[in-house]
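Work out the full structure, taking the sequences as your base and the hints as a guide.
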Amino acid sequence: MKKLILLPGGFLAFVLVVLVLLMQQNDRSMDGGIEALAEKKAASSSGGGVHGRVISKQDLPPEGSRSLFDHLVREQGGLPFPFEKMLEMFASYDREGRWPNTLLIPDGRSLLKGHATFDAPRMVVAADAVPPAGAALMPILRGRLFLGFVEPANEIEVISYNESAGRFEFQLIENYCVGCVPRIVYAKRSICTTCHAGGGPIFPVRPWQETNVQPAIAQTLARHLQTEAYHGAPIARRLDQAQAFDDLTDVGNVIPATQKIWLDGCGSDGDACRRAMLKLALRYVINPAALDRETEASRELIRLQQINWPEQGIPLNNGNLNNRDPFNQALYDESFGAQLRNLFWPRADGVRSGDKLKDFDALPRLPAEFDPLSRRAPLKIIQAHELDGVYGLAQLFSADDIERLERHAGYDEMRFAQAIDALPDPLFAAVPVSRVQIMQALLQVLDAPAVEYCCLDVSDLSPPVVQGEPPLELASDSVLQPYEKYCFACHRGNPAARLDFMSGGDEATVLAKIKAQEKIREALDYERYLGSSKQAQLMPPEDSWQREALERAQARGEDPLGAMRDQVPSLFEF
Numbered sequence: 032m033k034k035l036i037l038l039p040g041g042f043l044a045f046v047l048v049v050l051v052l053l054m055q056q057n058d059r060s061m062d063g064g065i066e067a068l069a070e071k072k073a074a075s076s077s078g079g080g081v082h083g084r085v086i087s088k089q090d091l092p093p094e095g096s097r098s099l100f101d102h103l104v105r106e107q108g109g110l111p112f113p114f115e116k117m118l119e120m121f122a123s124y125d126r127e128g129r130w131p132n133t134l135l136i137p138d139g140r141s142l143l144k145g146h147a148t149f150d151a152p153r154m155v156v157a158a159d160a161v162p163p164a165g166a167a168l169m170p171i172l173r174g175r176l177f178l179g180f181v182e183p184a185n186e187i188e189v190i191s192y193n194e195s196a197g198r199f200e201f202q203l204i205e206n207y208c209v210g211c212v213p214r215i216v217y218a219k220r221s222i223c224t225t226c227h228a229g230g231g232p233i234f235p236v237r238p239w240q241e242t243n244v245q246p247a248i249a250q251t252l253a254r255h256l257q258t259e260a261y262h263g264a265p266i267a268r269r270l271d272q273a274q275a276f277d278d279l280t281d282v283g284n285v286i287p288a289t290q291k292i293w294l295d296g297c298g299s300d301g302d303a304c305r306r307a308m309l310k311l312a313l314r315y316v317i318n319p320a321a322l323d324r325e326t327e328a329s330r331e332l333i334r335l336q337q338i339n340w341p342e343q344g345i346p347l348n349n350g351n352l353n354n355r356d357p358f359n360q361a362l363y364d365e366s367f368g369a370q371l372r373n374l375f376w377p378r379a380d381g382v383r384s385g386d387k388l389k390d391f392d393a394l395p396r397l398p399a400e401f402d403p404l405s406r407r408a409p410l411k412i413i414q415a416h417e418l419d420g421v422y423g424l425a426q427l428f429s430a431d432d433i434e435r436l437e438r439h440a441g442y443d444e445m446r447f448a449q450a451i452d453a454l455p456d457p458l459f460a461a462v463p464v465s466r467v468q469i470m471q472a473l474l475q476v477l478d479a480p481a482v483e484y485c486c487l488d489v490s491d492l493s494p495p496v497v498q499g500e501p502p503l504e505l506a507s508d509s510v511l512q513p514y515e516k517y518c519f520a521c522h523r524g525n526p527a528a529r530l531d532f533m534s535g536g537d538e539a540t541v542l543a544k545i546k547a548q549e550k551i552r553e554a555l556d557y558e559r560y561l562g563s564s565k566q567a568q569l570m571p572p573e574d575s576w577q578r579e580a581l582e583r584a585q586a587r588g589e590d591p592l593g594a595m596r597d598q599v600p601s602l603f604e605f
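Note that the sequence shown covers residues 32 to 605 in this note's numbering.
No wet-lab data here; the hints were simulated from the structure. Bear in mind the structure is a predicted one, so any value in this text is a computation, not a measurement. Among the clues, some could well be false.
Lysine-lysine pairs mimicking BS3-like chemistry, simulated, CA-CA at most 25 Å apart [what the hints assert, rightly or not]:
hint, residue 1, residue 2
1, Lys546, Lys565
2, Lys516, Lys546
3, Lys88, Lys219
4, Lys411, Lys88
5, Lys516, Lys550
6, Lys550, Lys565
7, Lys411, Lys565
8, Lys565, Lys516
9, Lys411, Lys389
10, Lys411, Lys116
For each label pair, taking beta carbons as the anchor points, the in silico distance ranges come out as [said to hold, decoys possible]:
hint, residue 1, residue 2, range
11, Asp478, Leu505, 54 to 64 Å
12, Glu434, Ala594, 30 to 40 Å
13, His416, Glu444, 18 to 28 Å
14, Gly79, Arg407, 14 to 24 Å
15, Asp590, Val209, 21 to 31 Å
16, Arg324, Lys389, 47 to 57 Å
17, Ala267, Ser123, 20 to 30 Å
18, Gly79, Glu549, 53 to 63 Å
19, Gln107, Arg269, 24 to 34 Å
20, Glu549, Ala594, 10 to 20 Å
21, Ala543, Gly165, 51 to 61 Å
22, Gly83, Glu549, 26 to 36 Å
No residue lacks a Cβ here, since even glycine has one placed at the ideal position from N, Cα and C.
Dropping the structure here:
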């Protein structure tokens, strides 16, 4: 009898232990969650060498620098909305007006995976614009700008290159929705790099079964969405479009490795090494066949690299995630433990707590081989006898850049080489390499006219905002209420400083700025300008949801314009 009693009791104890262990495996919050993992990884990262000292790891961009995305939004005059207009913004930088590469992922692996569904898939965007030739230097978007948009979360994730800082910035567009006041903020970098460990984009490898290039995904999306496009992104995509997206992420991941080679490979005193590397790179883009390891110039670069090259080599970080088929449930539930765990803690899709990190931690973990949080070995370890830095530098320049340089050099290779030799020494100091600064310096040496560039000067940008900075909370009877509804979306947090005239940490500051802006009076003078040639300057803009909301309020007999005019510095009666 004792045996019969002990056996069930022992079995029950065993089951309880197993269940506790499974629960701990299933719930990331039991070990501190992703925030604890981010802190652990940040503490264990070496951050050594010249690169570790020169390339910032702070959330906000280094002073005097900003992301390419910030500059583009400033050029547009504000954040494009709705999302189709964001895609149109990218297309405006392409010589043929092509839209960027878009893919849909209804069941993925991002921080917002619990918010994405077949009814509202995550959209990922990779800019692939070929800039038109022109008098000014054009920004290169290819491999330097990526978005992830999850509509139910009202959020866009942005990975955008910072030319001056030599790193990708991680940003969020929060509250991106009709009736909302969107905010562009810089994300907590340590959280982002738990997955984006190389500091750049990540993407699955072939055959990309999470995306809508898989027919089963596309067909299910079409059935749920009952449309051929979702926010401008086609539902049906071809395999080659995923391949192109994958290639763009590879291009992006070469850039951080190139900066490491430029800084650590040549060392703090390696100016001659960097000059030799750039010279070979520019010769290579003009004539790829001319790059030969056995030439005197190549041997000299290798000799210079061997002086300061790190003993452990320089990693080319791995942005590739293993392919995952969300329809193949056996891939994840093949073990007895996984099946038992799912029995007691079924998959918690669509978690919505208001805290996306807690939502992420509450979801079941993926097996390590599919989890982007898992450590990935580098694609390769670059050694001092290799010329990867030459190829990486060459990739920084566009075809138009090279044609411009050749034209001003009279298509004379010798003159071109002499121009590189004549470049000023500070350009080869131990600071991030900049395509724009090199182009401007080379053109000056070649006696070419000075060229402008849109996206380095930050003097006309509003201050950057870090994630977690609290938004302005208005009192229910605040005179700013109509401004919040109809104006804040464009004039609060706008990267363009000239349009950011409703920013401030409290109501009094914002109201003082509004009272100081005479231009607001003109923008609200509907009675005088409606139907006239100046109608276009009325705010909110005609094609915005704010204008529609304003007109609906007026149709109900409300007078939001009057309440707003009461705060501005001039009378509207004449």
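Here's how the hints hold up against the structure:
Between Lys546 and Lys565, the direct Cα distance comes to roughly 22 Å. Compliance with the 25 Å bound is thereby established for this hinted pair. Simply put, Lys516 and Lys546 have alpha-carbon atoms about 18 Å apart, close enough for the 25 Å limit, and the pair holds. Of the pairs offered as hints, the one joining Lys88 and Lys219 holds, with about 10 Å between alpha carbons and a cut-off of 25 Å not exceeded. With a C-alpha separation of about 23 Å, the suggested pairing of Lys411 with Lys88 holds against the 25 Å cut-off.
The hinted pair formed by Lys516 and Lys550 meets the criterion: a straight-line CA distance of about 19 Å does not exceed 25 Å. Between Lys550 and Lys565, the direct Cα distance comes to roughly 13 Å. Compliance with the 25 Å bound is thereby established for this hinted pair. In summary, the hint linking Lys411 to Lys565 is not supported, as the alpha carbons are separated by about 60 Å, beyond the 25 Å threshold. Proximity of Lys565 to Lys516 is assessed by CA-CA distance (about 23 Å); at most 25 Å being required, the pair is judged to hold.
Pair hint Lys411 plus Lys389 does not hold up; C-alpha atoms about 35 Å apart against a cutoff of 25 Å. Straight-line distance between C-alpha atoms of Lys411 and Lys116 comes to about 39 Å, which puts the hinted pair past the 25 Å bound. The given range of 54 to 64 Å is respected by Asp478 and Leu505, whose C-beta atoms sit roughly 57 Å from each other. For Glu434 and Ala594, the Cβ-Cβ distance of about 56 Å falls outside the hinted range of 30 to 40 Å, so the restraint is violated.
At about 26 Å, the CB distance of His416 to Glu444 agrees with the hint of 18 to 28 Å. The hint said 14 to 24 Å for the Cβ distance between Gly79 and Arg407, and at roughly 20 Å that hint holds. One distance hint, 21 to 31 Å for the beta-carbon pair Asp590 and Val209, holds here, with the actual separation near 22 Å. In this structure, Arg324 and Lys389 meet the distance hint of 47 to 57 Å, their C-beta atoms being roughly 53 Å apart.
The given range of 20 to 30 Å is respected by Ala267 and Ser123, whose C-beta atoms sit roughly 25 Å from each other. A hinted range of 53 to 63 Å for the beta carbons of Gly79 and Glu549 is consistent with their spacing of about 54 Å. Between Gln107 and Arg269, the C-beta spacing of about 30 Å keeps the proposed range 24 to 34 Å intact. Restraint check, Glu549 to Ala594: a C-beta distance of roughly 18 Å satisfies the suggested window 10 to 20 Å.
A C-beta distance of roughly 41 Å is found between Ala543 and Gly165, which places it outside the suggested range of 51 to 61 Å. Look at Gly83 against Glu549: about 50 Å separates their beta carbons, and that is not inside 26 to 36 Å.
The structure shown violates the earlier hints numbered 7, 9, 10, 12, 21, 22.
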